[in-house]
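Novice: Per the working numbering, residue 742 is the first one in the sequence shown, and the count goes up by one each step.
Be aware that one or more of the hints could be misleading.
[Unchecked claim] The calculated EDC-like cross-link candidates involving lysine to aspartate or glutamate, where the alpha carbons are at most 16 Å apart (straight line), are:
hint: 1; residue 1: K1250; residue 2: E1192
hint: 2; residue 1: K1199; residue 2: E1237
hint: 3; residue 1: K1131; residue 2: E1237
hint: 4; residue 1: K1136; residue 2: D1011
hint: 5; residue 1: K1247; residue 2: E1192
hint: 6; residue 1: K1250; residue 2: D1188
hint: 7; residue 1: K1128; residue 2: D951
hint: 8; residue 1: K1189; residue 2: E1251
hint: 9; residue 1: K1247; residue 2: D1188
hint: 10; residue 1: K1131; residue 2: E1240
hint: 11; residue 1: K1248; residue 2: E1192
hint: 12; residue 1: K1275; residue 2: E1307
hint: 13; residue 1: K1239; residue 2: E1212
hint: 14; residue 1: K1131; residue 2: D951
hint: 15; residue 1: K1248; residue 2: E1307
Because the hints were derived from the structure by calculation, they are not lab data.
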Amino acid sequence: MASFKTFLKAGHPPTLFASFLYFDFCFAIWVLNGAMAPYISETFNLSAGEKGFMISIPILAGAIMRFPLGVLAQYIGRKNAALTEMGLIFGSLIFGFMMVPTYSNVLAMGVFLGIAGASFGVALSLGSGWFPPKYKGLAMGIAGAGNSGTVLAMLFAPPLAEAYGWQAVYGIGALFMLLPILVMIIFAKEPPDREKQTLKEHLSCLFQKDGWTFNLIYIITFGGFIGLSSFLPTYYHDNFGVSKIEAGQLTMLAALMGSAVRVVGGWAADRWGGVNALTAVFGIIILCMLGASLQIGIVGTTILFMVCFAALGAGNGALFQLVPLRWPLATAVAGSMIGEIGALGGSFIPNAMGISKGSTGSFAWGFISFALLGAIAFIVLRIAQRKWTKVWIEKGGRAKVKQEEIEFEIHTHVPGLTVATAQKEVHGSNYAYRTIIYPVGNSQLADKAREQAAYLSKTTGSRLVLLYVDEKFHTTGVLATDSPEWETVRQNWINEGKEMLISEAKKLKELGATNLEVIFGQGDVASEIVSLAKEKSAELIILASHVSSPIGKLLMGSRTHNIFKESPCPILRIVR
742 MASFKTFLKA
752 GHPPTLFASF
762 LYFDFCFAIW
772 VLNGAMAPYI
782 SETFNLSAGE
792 KGFMISIPIL
802 AGAIMRFPLG
812 VLAQYIGRKN
822 AALTEMGLIF
832 GSLIFGFMMV
842 PTYSNVLAMG
852 VFLGIAGASF
862 GVALSLGSGW
872 FPPKYKGLAM
882 GIAGAGNSGT
892 VLAMLFAPPL
902 AEAYGWQAVY
912 GIGALFMLLP
922 ILVMIIFAKE
932 PPDREKQTLK
942 EHLSCLFQKD
952 GWTFNLIYII
962 TFGGFIGLSS
972 FLPTYYHDNF
982 GVSKIEAGQL
992 TMLAALMGSA
1002 VRVVGGWAAD
1012 RWGGVNALTA
1022 VFGIIILCML
1032 GASLQIGIVG
1042 TTILFMVCFA
1052 ALGAGNGALF
1062 QLVPLRWPLA
1072 TAVAGSMIGE
1082 IGALGGSFIP
1092 NAMGISKGST
1102 GSFAWGFISF
1112 ALLGAIAFIV
1122 LRIAQRKWTK
1132 VWIEKGGRAK
1142 VKQEEIEFEI
1152 HTHVPGLTVA
1162 TAQKEVHGSN
1172 YAYRTIIYPV
1182 GNSQLADKAR
1192 EQAAYLSKTT
1202 GSRLVLLYVD
1212 EKFHTTGVLA
1222 TDSPEWETVR
1232 QNWINEGKEM
1242 LISEAKKLKE
1252 LGATNLEVIF
1262 GQGDVASEIV
1272 SLAKEKSAEL
1282 IILASHVSSP
1292 IGKLLMGSRT
1302 HNIFKESPCP
1312 ILRIVR
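Build out the structure end to end from the sequences listed, making use of the hints.
Specialist: The structure is reproduced here in structure tokens:
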């Protein structure tokens, strides 16, 4: 209890509570069409395919709207973005209460209600923003517990529909939506940590094979969770003939398992490795889906779904144990994009089930199709992990700490502390360059920059100071904590930077540059470069542009601009 009080004192509990309430209500609204599907389909006499499509619309819309809401939050603040979103949700619920006389109107309402599915990133960032790194993990866990809104929707919406009609549920939902809006206005405060991400950064993992492997896995784990949560009320009602209220209650049992067991997946991944955990998860999911395709009775089916949801929840946790290991520089960005693609995958189950029922008179092929998709994802995982275990994780998916015998001594840069280094006697003492700073990175023009650096060092006899700046932990933001897992990740980032320095130094030696000094820094890249140039009394800095194009000659990013503005010496900028 004392430690929890310490946690609360470290941040701003009212903002955390407001974030939880915001996410909880939004998640409930996101799956509300699924809870109401038996009533809506009865009113409009929908076919199986129409039911599936109607249920999938909010899921698709929510996935697509995650990125725009995140961008909006960067410019107007997370609190204002949350209030804007909830205001739109309130209007959508009023629309559902008053203006849905046709099936087409129901579909339009589904698009509007999908806005609620975009709340994930804003809620977690807002809730944890006031807390120091030591407590961000716990704060995010509390805010993220709002996915229990699925349980609320399945538990309370059907009885209200029975009592007052299904359209009235949307009106009642609008009234209750005023609660998180008021709490947000009165109690929440915008956190001081604000981090902007460009569109290119946000989409970066989509241009890598591993990004699509993770996307496919999350389509199964999270897409399966949200898709089944939305469709099961219809499945129970149509397949077993239970009442609409009982269908919601049975769905609630399964969804509760998925929400509760997610943390177990993360724990299992830490203990046995993310790949091993996901392997077990996929085996359970595939078997459960195949079992659900058989007519085994309502009790057996419900038990299968509870086990399946537990595996889906554990899979979500296991997957995100691997994300920071694969994308240490862009953990938050990669996680956000993977979440969006996974949510898009949530539309697969409702549509597959509707098509199966409409074409064969049974839901069996809907379950079988998802099992087959899961088998494909499993095969892709097992193939991909062969490369992963050679590069960035240990066997089974544990964090990898690579040690390598090196011939270069790597100094750690401490800004403000000048370290005297032994200079080789050079014959070209009359040349203007005695010390050249060469920042190492992943520029598209790194090869040309390396050639220039080696040439100048050889022809002038100058010392070439290689600098790699690790800004990953400095800019990770809300995801960083002081947990043992994150300390392992941080050490991996350091090792990764040092390996890049070693690789670059070896390439320079191959080009004939031998007077090298290798330095590892941490913090803001521009500040570290300028600071080191001043301490070393450098005569030149070599910078490689990230843009290999004519416009790259004219435009420069804010980081490059800051270096040019503060540099104590000339800068050679490689732009083509």
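Novice: Now look at each hint and say whether the structure bears it out.
Specialist: Here is what the structure says about each hint:
1. Distance restraint check for K1250 and E1192: the Cα-Cα separation of roughly 11 Å lies within the 16 Å cut-off, and the hinted pair is therefore satisfied.
2. Restraint check for K1199 and E1237: the C-alpha separation of about 28 Å exceeds 16 Å, so the hint is violated.
3. Simply put, K1131 and E1237 have alpha-carbon atoms about 14 Å apart, close enough for the 16 Å limit, and the pair holds.
4. For the suggested pair K1136 and D1011, the alpha carbons sit about 13 Å apart, so the restraint of at most 16 Å is met.
5. A distance of roughly 13 Å separates the Cα atoms of K1247 and E1192; the hinted pair therefore holds under the 16 Å criterion.
6. At most 16 Å may separate the alpha-carbon atoms for a hinted pair to count; K1250 and D1188 meet this at roughly 14 Å.
7. Taking the CA atoms of K1128 and D951, the gap is near 10 Å; set against the 16 Å cutoff, the hint holds.
8. Between K1189 and E1251, the direct Cα distance comes to roughly 14 Å. Compliance with the 16 Å bound is thereby established for this hinted pair.
9. A threshold of 16 Å between alpha carbons decides the hint, and for K1247 with D1188 the separation of about 13 Å falls inside it, so the pair holds.
10. For the proposed pair K1131 and E1240, the alpha carbon gap of about 15 Å is at most 16 Å, so the pair holds.
11. The hinted pair formed by K1248 and E1192 meets the criterion: a straight-line CA distance of about 10 Å does not exceed 16 Å.
12. Using a Cα cut-off of 16 Å, the hinted pair K1275 and E1307 holds, with the two alpha carbons roughly 10 Å apart.
13. Between K1239 and E1212, the direct Cα distance comes to roughly 13 Å. Compliance with the 16 Å bound is thereby established for this hinted pair.
14. This hinted pair checks out: K1131 and D951 have alpha carbons roughly 14 Å apart, not beyond 16 Å.
15. Distance restraint check for K1248 and E1307: the Cα-Cα separation of roughly 29 Å exceeds the 16 Å cut-off, and the hinted pair is therefore not satisfied.
Hints 2 and 15 from the list above are not met by this structure, while the remaining hints are.
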